[in-house]
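Novice: Listed below, chain by chain, are the residues.
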Amino acid sequence: DVVLTQSPATLSVTPGERISLSCRASESVDTYLHWYQQKPNESPRLLIKYASQSISGIPSRFSGSGSGTDFTLSINGVELEDLSIYYCQQGNSLPHTFGAGTKLELK
Amino acid sequence: QVQLKESGPGLVQPSQTLSLTCTVSGFSLTSYNVHWVRQPPGKGLEWMGRMRYNGDTSYNSALKSRLSISRDTSKNQVFLKMNSLQTDDTGTYYCTRDQDNWYFDFWGPGTMVTVSS
Numbered sequence: 001d002v003v004l005t006q007s008p009a010t011l012s013v014t015p016g017e018r019i020s021l022s023c024r025a026s027e028s029v030d031t032y033l034h035w036y037q038q039k040p041n042e043s044p045r046l047l048i049k050y051a052s053q054s055i056s057g058i059p060s061r062f063s064g065s066g067s068g069t070d071f072t073l074s075i076n077g078v079e080l081e082d083l084s085i086y087y088c089q090q091g092n093s094l095p096h097t098f099g100a101g102t103k104l105e106l107k
Numbered sequence: 001q002v003q004l005k006e007s008g009p010g011l012v013q014p015s016q017t018l019s020l021t022c023t024v025s026g027f028s029l030t031s032y033n034v035h036w037v038r039q040p041p042g043k044g045l046e047w048m049g050r051m052r053y054n055g056d057t058s059y060n061s062a063l064k065s066r067l068s069i070s071r072d073t074s075k076n077q078v079f080l081k082m083n084s085l086q087t088d089d090t091g092t093y094y095c096t097r098d099q100d101n102w103y104f105d106f107w108g109p110g111t112m113v114t115v116s117s
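Heads up: the protein sequence lines correspond to chains A and B, in order. Counting in the working numbering, the first sequence runs from 1 upward without gaps. Counting in the working numbering, the second sequence runs from 1 upward without gaps.
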């Protein structure tokens, strides 16, 4: 199974700053890497597909990059509503695995 | 509009079988795959298995011996059955979908399952 390692586990942020979250795969997943946001007591929401492709309705401050084994989710100007847990997920092979998540908290 | 909704018992006794239903609307089960994903309290997401648009199924090998996924296309429903439940099967169970593009664009609200005597 492909193991996805997300770092950091927790990130303390200040509104307005630019941040980057990392997701590293144990083997290449090409660009079959997707990002989700999950707020407390809510279902995950798709943010970025295929490593860097935007999703309709998602604010433009969210962007993704990477291929192979190293991926990054960036938020350009964090807002309070972005305080959530972020998960990466690979779709290159079964089982579709998720990272353990990065939690954004207020500094 | 696209909707998925999970339903089932909130409480299951240890060693018993869990039965959940995912009822979908706004799309066809013969065009989309439906997946089950679960989340223990305070923990991350685990992919459990899927019902493919053509009726094929795939399972997480860690659960395969206990898990079965089926469907009724006439009722727009996908079913999950998992036997020999233990306390670490407690969590929120979600159904979600993809279209052979390997990302999940719509999710149900989830249903909480507690395994306890």
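For the record, the hints were derived by calculation from the structure and aren't laboratory data. Heads up, some of the hints might be wrong.
What the hints assert, rightly or not - Lysine-lysine pairs mimicking DSSO-like chemistry, simulated, CA-CA at most 27 Å apart:
| hint | chain 1 | residue 1 | chain 2 | residue 2 |
| --- | --- | --- | --- | --- |
| 1 | B | LYS5 | B | LYS43 |
| 2 | A | LYS107 | B | LYS75 |
| 3 | A | LYS107 | B | LYS5 |
| 4 | A | LYS39 | A | LYS103 |
| 5 | A | LYS107 | A | LYS39 |
| 6 | B | LYS75 | A | LYS39 |
Unchecked claim - Here are a few chain A residues that sit away from chain B, every Cβ distance over 10 Å (derived from the structure):
| hint | residue |
| --- | --- |
| 7 | ASP1 |
| 8 | VAL13 |
| 9 | SER20 |
| 10 | SER22 |
| 11 | LEU46 |
| 12 | SER54 |
| 13 | SER74 |
| 14 | ASN76 |
| 15 | VAL78 |
| 16 | GLN89 |
Where is the CB? At the ideal position from N, CA and C, for every residue including glycine.
Novice: Does SER20 (chain A) sit more than 10 Å from chain B, CB to CB?
Specialist: About 20 Å separates SER20 (chain A) from the closest Cβ of chain B, which puts it past 10 Å; holds.
Novice: With d taken as the least Cβ-Cβ distance between LEU46 (chain A) and chain B, does d exceed 10 Å?
Specialist: Non-interface label on LEU46 (chain A) violated, nearest chain B Cβ at 5 Å vs cutoff 10 Å.
Novice: Beyond 10 Å on every Cβ pair: is that true for SER74 (chain A) relative to chain B?
Specialist: Holds: least Cβ distance 18 Å, greater than 10 Å.
Novice: Take a quick look at whether LYS75 (chain B) and LYS39 (chain A) sit within 27 Å of each other, Cα to Cα.
Specialist: Violated - the C-alpha atoms of LYS39 (chain A) and LYS75 (chain B) are around 31 Å apart, more than 27 Å.
Novice: Take the C-alpha atoms of LYS39 (chain A) and LYS103 (chain A), compute the straight-line distance between them, and say whether it is at most 27 Å.
Specialist: holds (10 Å)
Novice: So is VAL78 (chain A) really clear of chain B, every C-beta pair being over 10 Å apart?
Specialist: holds (22 Å)
Novice: Taking only the CA atoms, is the gap from LYS107 (chain A) to LYS39 (chain A) under or equal to 27 Å?
Specialist: holds (18 Å)
Novice: Is the Cβ of ASP1 (chain A) farther than 10 Å from every Cβ of chain B?
Specialist: The claim is violated: ASP1 (chain A) sits with its nearest Cβ about 8 Å from chain B, within 10 Å.
Novice: Quick one, are LYS5 (chain B) and LYS43 (chain B) close enough, alpha carbons at most 27 Å?
Specialist: This hinted pair holds, its Cα atoms lying about 22 Å apart.
Novice: Classify the label on VAL13 (chain A) as holds or violated, using whether its beta-carbon is more than 10 Å from each beta-carbon of chain B.
Specialist: It holds; VAL13 (chain A) is separated from chain B by about 20 Å at its closest Cβ, greater than 10 Å.
Novice: Mind checking the alpha carbons of LYS107 (chain A) and LYS5 (chain B) for me, to see if they're no more than 27 Å apart?
Specialist: violated (36 Å)
Novice: Straight-line Cα separation of LYS107 (chain A) and LYS75 (chain B) no greater than 27 Å?
Specialist: Outside the cut-off at roughly 49 Å; violated.
Checked against the numbered hints above, the structure violates hints 2, 3, 6, 7, 11 and 16; every other hint is satisfied.
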